[in-house]
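Trainee: Residue numbers (my numbering), protein chains in the order written: chain A, 1 to 341; chain B, 1 to 341; chain C, 1 to 341; chain D, 1 to 341.
The hints are simulated quantities; they were obtained by calculation from the structure and are not laboratory data.
One should not assume that every hint holds.
Remember, identical chains collapse to one label, so a pair may be satisfied in a single copy or spanning two.
Unchecked claim - The calculated lysine-lysine pairs, modelled on DSBU-like cross-linking and capped at a C-alpha distance of 35 Å, are:
1. Lys14 to Lys337
2. Lys104 to Lys25
3. Lys266 to Lys165
4. Lys331 to Lys165
5. Lys25 to Lys14
6. Lys30 to Lys64
7. Lys104 to Lys30
8. Lys266 to Lys25
9. Lys109 to Lys331
10. Lys142 to Lys165
11. Lys322 to Lys165
12. Lys109 to Lys165
Remember, predicted model here, so these are calculated numbers, not experimental data.
Number of protein chains: 4
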Amino acid sequence: MIKVGIIGAGRIGKVHCESIMRYVKNATVKAIADPFMSDETKKWAQDMGVNEIYTDYHRILEDKEIGAVLICSSTDTHSLISLEAIAAGKHIFCEKPIDHDVFKILKVKQALEKSRIKYQVGFNRRFDHNFRGAQAAVAAGKIGELNILKICSRDPDAPPVSYIKVSGGIFLDMTIHDFDMVRFMSGAEVEEVFAYGAVLVDPAIGEAGDIDTAVISMKLTNGAIAVIDNCRRASYGYDQRVEALGSLGQVAITNDTESSAVISDKDGVHSEKPLHFFLERYMDAYVAEITEFIDCIVNDKPVNVGIDCGLQPVLIALAAKKSLDCGLPVKVSDIAKKYGL
Amino acid sequence: MIKVGIIGAGRIGKVHCESIMRYVKNATVKAIADPFMSDETKKWAQDMGVNEIYTDYHRILEDKEIGAVLICSSTDTHSLISLEAIAAGKHIFCEKPIDHDVFKILKVKQALEKSRIKYQVGFNRRFDHNFRGAQAAVAAGKIGELNILKICSRDPDAPPVSYIKVSGGIFLDMTIHDFDMVRFMSGAEVEEVFAYGAVLVDPAIGEAGDIDTAVISMKLTNGAIAVIDNCRRASYGYDQRVEALGSLGQVAITNDTESSAVISDKDGVHSEKPLHFFLERYMDAYVAEITEFIDCIVNDKPVNVGIDCGLQPVLIALAAKKSLDCGLPVKVSDIAKKYGL
Amino acid sequence: MIKVGIIGAGRIGKVHCESIMRYVKNATVKAIADPFMSDETKKWAQDMGVNEIYTDYHRILEDKEIGAVLICSSTDTHSLISLEAIAAGKHIFCEKPIDHDVFKILKVKQALEKSRIKYQVGFNRRFDHNFRGAQAAVAAGKIGELNILKICSRDPDAPPVSYIKVSGGIFLDMTIHDFDMVRFMSGAEVEEVFAYGAVLVDPAIGEAGDIDTAVISMKLTNGAIAVIDNCRRASYGYDQRVEALGSLGQVAITNDTESSAVISDKDGVHSEKPLHFFLERYMDAYVAEITEFIDCIVNDKPVNVGIDCGLQPVLIALAAKKSLDCGLPVKVSDIAKKYGL
Amino acid sequence: MIKVGIIGAGRIGKVHCESIMRYVKNATVKAIADPFMSDETKKWAQDMGVNEIYTDYHRILEDKEIGAVLICSSTDTHSLISLEAIAAGKHIFCEKPIDHDVFKILKVKQALEKSRIKYQVGFNRRFDHNFRGAQAAVAAGKIGELNILKICSRDPDAPPVSYIKVSGGIFLDMTIHDFDMVRFMSGAEVEEVFAYGAVLVDPAIGEAGDIDTAVISMKLTNGAIAVIDNCRRASYGYDQRVEALGSLGQVAITNDTESSAVISDKDGVHSEKPLHFFLERYMDAYVAEITEFIDCIVNDKPVNVGIDCGLQPVLIALAAKKSLDCGLPVKVSDIAKKYGL
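Take the sequences, apply the hints, and build the full model.
Mentor: Right under this line is the structure:
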């Protein structure tokens, strides 16, 4: 039985806590820490059966009984807490992105090299039943050699501009999941990126120095071409799809809905919108990723979504950002070189 | 916090136990009883946090702390245990059917009349997201007045003949869910039934005195016509659909799949089969029905799927059986009269 | 080159005329006859290149150059004109039904027996791309042995009561196509019929002695069970589907739409209604049936949809009518016996 | 009644001839010309009712009775014949592309400016029921302001390398239709293009100096971003789709199939592949475009798909070609400037 400490009691920290308490065999949440621990959150933690509630996460790192931590705090603290947790000998599940600064990610990577610590990055979409279905088909050779990979990723609505300002920009905040999906689906790396971006949803996003709509095309190391389209607004809900064309065929996925009910009336044939947002769409995926993390610890298996899966999408995102800024295609290796990679 | 006792530790008893321990607020499973309690089941119960494990369910009925029982034992014991549990003052969730013998169901009904006990029957399909989506559309008037109701209900494969022999026949064992769905979807009662049946899947089922394929048509009290088609074998999986035509339009549902992945290749366009069987398809529905049961107790709400929901489908099933036997349409009221109803 | 005469210049006569002039190789329309030949129709005929326009169809029968006639007049004249055309040695395409009176159909059948005349009945639905796709799958054994056959057939709106009064009733007017589809899809005959009917669309239809909503179940000679659901009103358009379950799987078809455009917005996901009515849905099927008729003549092939395909659905319809009247299942052989069959 | 001459009796010339003879009111084909007029083609023309059959198309241009010509000859002759036909005062339907050389297109444009001649370019996809459905939704404001436009366009298999060599390259041969679709769907012009291309289908295509797989992203003058993905091979058939995201929602289309039959069996749920290639998919669109052309002549309406619709996609294609060659985004205006535009 692995005892887990959760650092950060925000939305995603709570999701993981509930996942572990309800579904994950061999694991329980012993403690949770958050500098802003409201009474409501305290009550929620107690209801979940978590009795150790701290404002200082170091209490978790110091607890010898705790074998693994989940870092669910704000992005700017991920790398520092990762380093501390490594020093404390804890296995680590860290929410994405590890950091916007590649040097900080590399420090974590370096620290891990000397350890036997399991380090998993929170790319939940890899555990979604639909993306898994598509990836399994590609990996099984059902579409042959990959030729074209298309990822559609759209939020139901733009976040507040205050969030945008600290988000690191659309590529590091939103597209980063899609860059991870490109790697997951293709089994290849991104060689070069070209990005078109626009402010079409909210001018305030543009004033904050970001874009809200983008089409990013990529050359992959296996010769295939990939393209992502992003928008901060899809009035019909959270739209997350992938389509892969290969030498033998195509695989594509659609979104999930609340029910399959279809109403036909004088105005047309109406089915339901996609599930509204990521918590609805990916709830099962969150359980699956934590289950795999605990399984890696308990059975000493290598982590599938490790530190490199945390690093590469950041490099691609930085290449995309540079491409957008200068209006030219950018090689990921040119970004990597800056960091001695 | 309601303490629950589970009587019967078979497949469905375990499902409900896990539902309560994981998802149902305000409830916990205090004890579980089964005359054949294997070591494996004992271990499973302990892992779930259930420490009181009995072979005699009376231990549960005698426990003053236990406020509600789930009757998940074999069908022939449902009505007796119901009566004992009523006498013991427990709230009751009883798996369907309450009994194949209407008199026994009526005894339970009678006993309940003198009590304030909550009695819910396990028609899980009413809690399925797809059926709920369709029913909600009908209830909201989106298709206007109901004209035609079609229910498709097919198992992936026939059960063993040993099961068939004690099942009470296809109408009481399998179609009973569909009769309940007719009532749920239409908000009306079945007036008359006409059944065609055949043995097309397995001759041994015919030798056992049952059929494996049926089409049952019905006149409803609201004037609509309903039809159910049943088969014990659908090579592509568990097929559970409904389609309702009304004066303003139609609502229809399809099955759930593991993922939405669609593969297009030189042979065609391929999507996944429906989820294989009821445990996969209705897992969330099982949680929802128990959640509602506990909610009715805690907040003293009337039970939606009560004793009459347990009684009516049995009357309809008996009418269908008689129709099949004599090759004529049969009024449900003629069956009811036999029992003084 | 077969020269064709068309008897009856109503809606369907015009459809066939245009089909022949535009698409059917080896055939041309030489003459058209209708007792009520409007100026508009005359102009239409001339535009189509048909110069011989008569009010008396005997002019067509007398024309030695004309090798084939299409009987598109009112139903009550079909059998008489058939007999006259047989006597005149013309090949015959006769719209369905041949007659409501079995004796009259039998006279035609008898007259044909002594001749080498090709006689095709206008069951256009057999030539529809969707129904053909489903039938081909069944015939190719893709679903194994047929177990359950379901046909859905609904008109967008009820015809005027004046039409209902001379229609012969829903079973002879509307369901007759579906009875033909049961035979086409199953490759078997209908043994017994049980019909439920109701007046749910328009009370005036009931006052005219007919019903507007029906569910008809049938036992087939191959052991399978079939069921048809009919309604004179489907607010979302012409709804024509079939679903066949067999030992190895299921085949099902859906309706055609004007375009595949799907709009997703804040209210849901919207696709188009089925094509509105039979002329839109079956336009290509009308061409295909006439093409096959001409091909049978030119290449002296046996007719696929011959006199027996015209006879059997009438017998089944009469059985359905009797079932509805007396509330009991009716054997088709009992109807047939009345006519010495 | 417009008398039409067809120049070029290849596949597409025949399609147009049949369209006119069968479906287009107010028009007939008086003559057809092709330097290589086989006996088979002659017979086909006679069967269609075309009696004037020439090897020299000037015979058509000289015929005073002929009011309109269809230029269906090889691409390299389009502009010259256009000029001659303009000089002869004929209305012109010219297959796409008018030429690979912008100067030659401009000469045609110049010649047209002094005339009242109707000049339509053969972008058939604008007349396809699915693309029309999507475009109508966009034009009607159903998705609000356009944000992202995605076009998928894949051939079932690569043409012979001999064809590739004279095709002008994938952008002028295949993508040109998609560039036209970008303009049609968006109602805007392409400002800048960035193309990724690869040889993934057939190395011989690469040896011939072309690519077979491409992803082309574009900035549009209305601020939206568009992306096209092309492949010369889609094992599952001709794949032609569009998806448009706007401020209020999304519209998307799928492909057509032979029938809607869906077979469910133990291996999955199988539907049909898209129609195999352009003649199957766009047969109705070919009729519609010629019908509109004749209508513009007869009713003196402005042509919708005129010379500029022929010019712009060539400019975009040249920009895409340059982008691929130099690995940089290219402004369409920079291409246009070269030609004094």
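Trainee: With identical chains, the pair Lys104 and Lys30 could be close in the same copy or across copies; at 35 Å between alpha carbons, which is it: within, between, both, or neither?
Mentor: within (29 Å within a copy, 50 Å between copies)
Trainee: If the cut is 35 Å between Cα atoms, do Lys266 and Lys165 qualify within a copy, between copies, both or neither?
Mentor: between (46 Å within a copy, 27 Å between copies)
Trainee: Within a copy, between copies, both or neither: where do Lys104 and Lys25 come within 35 Å Cα-Cα?
Mentor: This pair counts as within: shortest intra-copy Cα distance 33 Å, inter-copy 42 Å.
Trainee: State whether the alpha carbon distance between Lys142 and Lys165 is at most 35 Å within one copy, between copies, both, or neither.
Mentor: For Lys142 and Lys165, the Cα distance is within 35 Å only across copies (32 Å; inside one copy 43 Å).
Trainee: When no copy is specified for Lys266 and Lys25, does a C-alpha distance of 35 Å or less occur within a copy, between copies, both, or neither?
Mentor: between (51 Å within a copy, 33 Å between copies)
Trainee: With identical chains treated as interchangeable, where does the CA-CA distance between Lys109 and Lys165 reach 35 Å or less: within a copy, between copies, both, or neither?
Mentor: within (27 Å within a copy, 51 Å between copies)
Trainee: Regarding Lys109 and Lys331, is the shortest C-alpha distance of 35 Å or less found within a copy, between copies, in both, or in neither?
Mentor: Classified as within; 22 Å inside a copy, 42 Å across copies.
Trainee: Regarding Lys25 and Lys14, is the shortest C-alpha distance of 35 Å or less found within a copy, between copies, in both, or in neither?
Mentor: both (18 Å within a copy, 16 Å between copies)
Trainee: When no copy is named, should Lys331 and Lys165 be tagged within, between, both, or neither for a Cα gap of at most 35 Å?
Mentor: both (26 Å within a copy, 31 Å between copies)
Trainee: At most 35 Å between alpha carbons: which applies to Lys30 and Lys64, within, between, both or neither?
Mentor: Intra 11 Å, inter 32 Å, cutoff 35 Å: intra and inter.
Trainee: Within a copy, between copies, both or neither: where do Lys322 and Lys165 come within 35 Å Cα-Cα?
Mentor: within (18 Å within a copy, 37 Å between copies)
Trainee: From the Cα coordinates, with 35 Å as the cut-off, is the pair Lys14 and Lys337 best called within, between, both, or neither?
Mentor: This pair counts as neither: shortest intra-copy Cα distance 38 Å, inter-copy 56 Å.
Figure legend: structure checked against the earlier numbered hints; the only hint not met is number 1.
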